[in-house]
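Asks: I would like the entire structure built from these sequences, with the hints used as guidance.
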Amino acid sequence: MTAAATPTPTIRSASHAPFDVERIRGDFPILSERIRGKPLVYLDNAATTHKPQAVIDAVSRFYSAENSNIHRGVHYLSERATVAYEAVRERVARFLNAPSARQIVFTRGTTESINLVANAFGRSALGPGDEVLITGMEHHSNIVPWQLVAEATGAIVKAVPITDSGELDLDAFDRLLSPRTRLVAVVHLSNALGTINPVRELVARAHAQGAVVLVDGAQSASHLAVDVQALDCDFFACSGHKIYGPTGVGVLYGRESLLERMPPWQGGGDMIASVTLERSTWAPVPAKFEAGTPMIAEVVGLGAALDYVESVGMPAIAAWEEQLLSLATAKVGSMPGVRLVGTAHDKASVLSFVVDGVHPHDVGAILDDDGIAIRTGHHCAQPVMHRLGIPATARASFAFYNTPAEVDVLVRGLERVRTVFS
Amino acid sequence: MGSLSELYQNVILEHNRSPRNYRPLDEGSRKAEGSNPLCGDQVTVWLRMDGDIIGEATFQGSGCAISKASASLMTGAVAGKTRAEAEALFERFHRLVTGTLDPSEAETLGKLAVFSGVSEFPIRVKCASLSWHAMKEALNGGER
Chain F
296 MTAAATPTPT IRSASHAPFD VERIRGDFPI LSERIRGKPL VYLDNAATTH
346 KPQAVIDAVS RFYSAENSNI HRGVHYLSER ATVAYEAVRE RVARFLNAPS
396 ARQIVFTRGT TESINLVANA FGRSALGPGD EVLITGMEHH SNIVPWQLVA
446 EATGAIVKAV PITDSGELDL DAFDRLLSPR TRLVAVVHLS NALGTINPVR
496 ELVARAHAQG AVVLVDGAQS ASHLAVDVQA LDCDFFACSG HKIYGPTGVG
546 VLYGRESLLE RMPPWQGGGD MIASVTLERS TWAPVPAKFE AGTPMIAEVV
596 GLGAALDYVE SVGMPAIAAW EEQLLSLATA KVGSMPGVRL VGTAHDKASV
646 LSFVVDGVHP HDVGAILDDD GIAIRTGHHC AQPVMHRLGI PATARASFAF
696 YNTPAEVDVL VRGLERVRTV FS
Chain R
24 MGSLSELYQN VILEHNRSPR NYRPLDEGSR KAEGSNPLCG DQVTVWLRMD
74 GDIIGEATFQ GSGCAISKAS ASLMTGAVAG KTRAEAEALF ERFHRLVTGT
124 LDPSEAETLG KLAVFSGVSE FPIRVKCASL SWHAMKEALN GGER
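Just so you know, the sequences run in chain order F and R.
Heads up, the first sequence is in my numbering, so the first residue is 296 and it goes up one at a time.
Heads up, the second sequence is in my numbering, so the first residue is 24 and it goes up one at a time.
Calculated directly from the structure, the hints in this document are not laboratory data.
Predicted model, so just to flag it, every value in this text is computed and none were measured.
Treat the hints with caution; some may be incorrect.
[Unchecked claim] Part of the chain F face toward chain R, derived, beta carbon under 8 angstroms:
| no. | residue |
| --- | --- |
| 1 | HIS656 |
| 2 | ASP657 |
| 3 | ILE661 |
| 4 | ASP664 |
| 5 | ALA668 |
| 6 | HIS673 |
| 7 | GLN677 |
| 8 | PRO678 |
| 9 | MET680 |
| 10 | LEU683 |
| 11 | GLY684 |
| 12 | THR714 |
| 13 | PHE716 |
[To be verified] Computed, partial: chain F to chain R, Cβ under 8 angstroms:
| no. | residue |
| --- | --- |
| 14 | HIS654 |
| 15 | GLY672 |
| 16 | ALA687 |
Cβ coordinates follow ideal geometry from the N, Cα and C atoms, glycine included.
Replies: Now the structure itself:
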């Protein structure tokens with residue numbers, strides 16, 4: 296699935312019906328808020344997305360009518376809560392096209408999903424001299440866990456460099472990949488640059504060398520149709536709050552044979568088969584990786600979010616967002632004194648840029664005064680900034696509830712930035 | 024609600040464009056670095072001490088207009104001051120940008136008063152005070 300940043304004359308959707316963005320906006324209560332007296336223009340979707348009323352209602356309904364702990368009680372509410380929680384596991388499996396719900400582990404978010412793999416897989420499978428291959432465009436959450444596990448096991452972390460346009464250097468990938476590579480950890484859609492990596496191809500090359508592959512899907516899950524079987528990846532990590540669901544819930548998909556082999560990484564209730572004071576045995580996957588009371592209401596909210604997203608349809612979402620990104624790329628990219636950062640051929644959602652002579656924080660502050668929310672800074676991807684020789688960027692990131700009119704508000708805001716700092 | 028024009032006063036924009044004392048100092052000076060890991064802002068402050076008096080203060084770094092202008096104006100404001108005077112000035116400046124300075128004290132800050140608008144933007148307090156923290160660290164030893 297690629298969403299190339301090339302202008303498309305019309306918006307394609309699965310049904311060929313026009314994409315009714317105003318109806319969609321009506322489903323998100325926060326979008327009618329006013330910020331400093333102006334309509335909210337929310338372009339910080341890569342940081343977190345807003346929640347449709349259906350998600351807010353699902354969480355509220357759970358606490359109002361179903362709240363109970365799961366997998367424990369014989370009582371009615373506990374059983375209902377358990378059914379609701381486990382139904383979302385099935386829902387997520389369908390969303391990612393995982394072969395079975397047993398391969399879906401609930402976590403607190405992408406960061407925890409990656410830390411789970413780094414600890415449970417990394418500490419049992421890595422030894423001195425083994426290599427973990429990451430890339431120069433990873434979020435800190437797909438760098439630091441590998442550095443920690445390398446320190447503990449004697450493994451080595453290597454990084455595939457990126458090009459000036461923000462694409463992976465595939466020749467360097469091939470050179471760095473070797474029989475010593477045990478694991479490749481790669482971002483699907485870069486939060487700092489918007490680059491879509493050719494994950495399917497990378498997985499094939501890594502598998503040929505016997506390495507397993509973890510895909511950081513924090514950004515991709517809400518912008519691209521994800522099919523973990525087509526990608527053939529071994530692990531896929533994503534977050535609920537970036538896909539219109541609650542904060543505090545995430546997902547780890549794992550290949551069943553790997554999940555079976557991996558030891559637990561946290562101990563506690565719910566993850567055991569039996570416990571004596573001397574030793575314990577583990578519950579089968581995925582319970583083995585879900586110690587303690589999980590984020591039950593948030594999981595229920597995530598289920599509502601996925602229902603909502605699929606009711607709109609991922610192809611329609613991707614087509615609308617591609618249109619928005621193309622428009623913004625053309626309009627912002629042609630402004631004098633503005634330089635786009637990350638101009639890969641395959642991109643989605645993210646428009647990173649710098650304004651000559653104006654620090655991104657000042658860009659963000661002036662846009663904020665116009666009610667426009669963007670992210671400024673290093674986007675938890677400091678190696679990307681070092682590589683491109685810039686301290687920070689301003690980043691607009693689009694979701695399917697954004698509009699072409701909001702792109703124009705952004706452009707007018709940037710004109711004001713240039714006036715203030717002229 | 025804070026006004027953007029009070030935050031970005033002309034003096035601040037001008038010091039951002041043409042920062043004063045923007046250079047390193049040679050050996051014999053003290054230096055300290057300040058950084059804000061949340062936003063990536065980074066500043067290095069150098070001080071040449073004449074006994075207890077700051078003979079010269081300079082800086083380099085990257086950051087937003089508020090942090091750059093603050094460093095620029097600070098280097099001018101602390102030059103010629105004793106260590107105790109410079110620390111007292113920082114203390115008053117910090118109260119200015121956090122909105123806890125008594126108005127009667129504002130005039131003792133001279134040009135630094137242009138940062139009064141920062142108090143309406145709490146997340147920018149760190150930008151305005153980054154170089155001051157580095158200056159204080161340099162005063163209290165720093166790297167030689």
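Asks: Could you check the structure against the hints above and give me the numbers of any it violates, in ascending order?
Replies: 5, 8, 10, 11, 12
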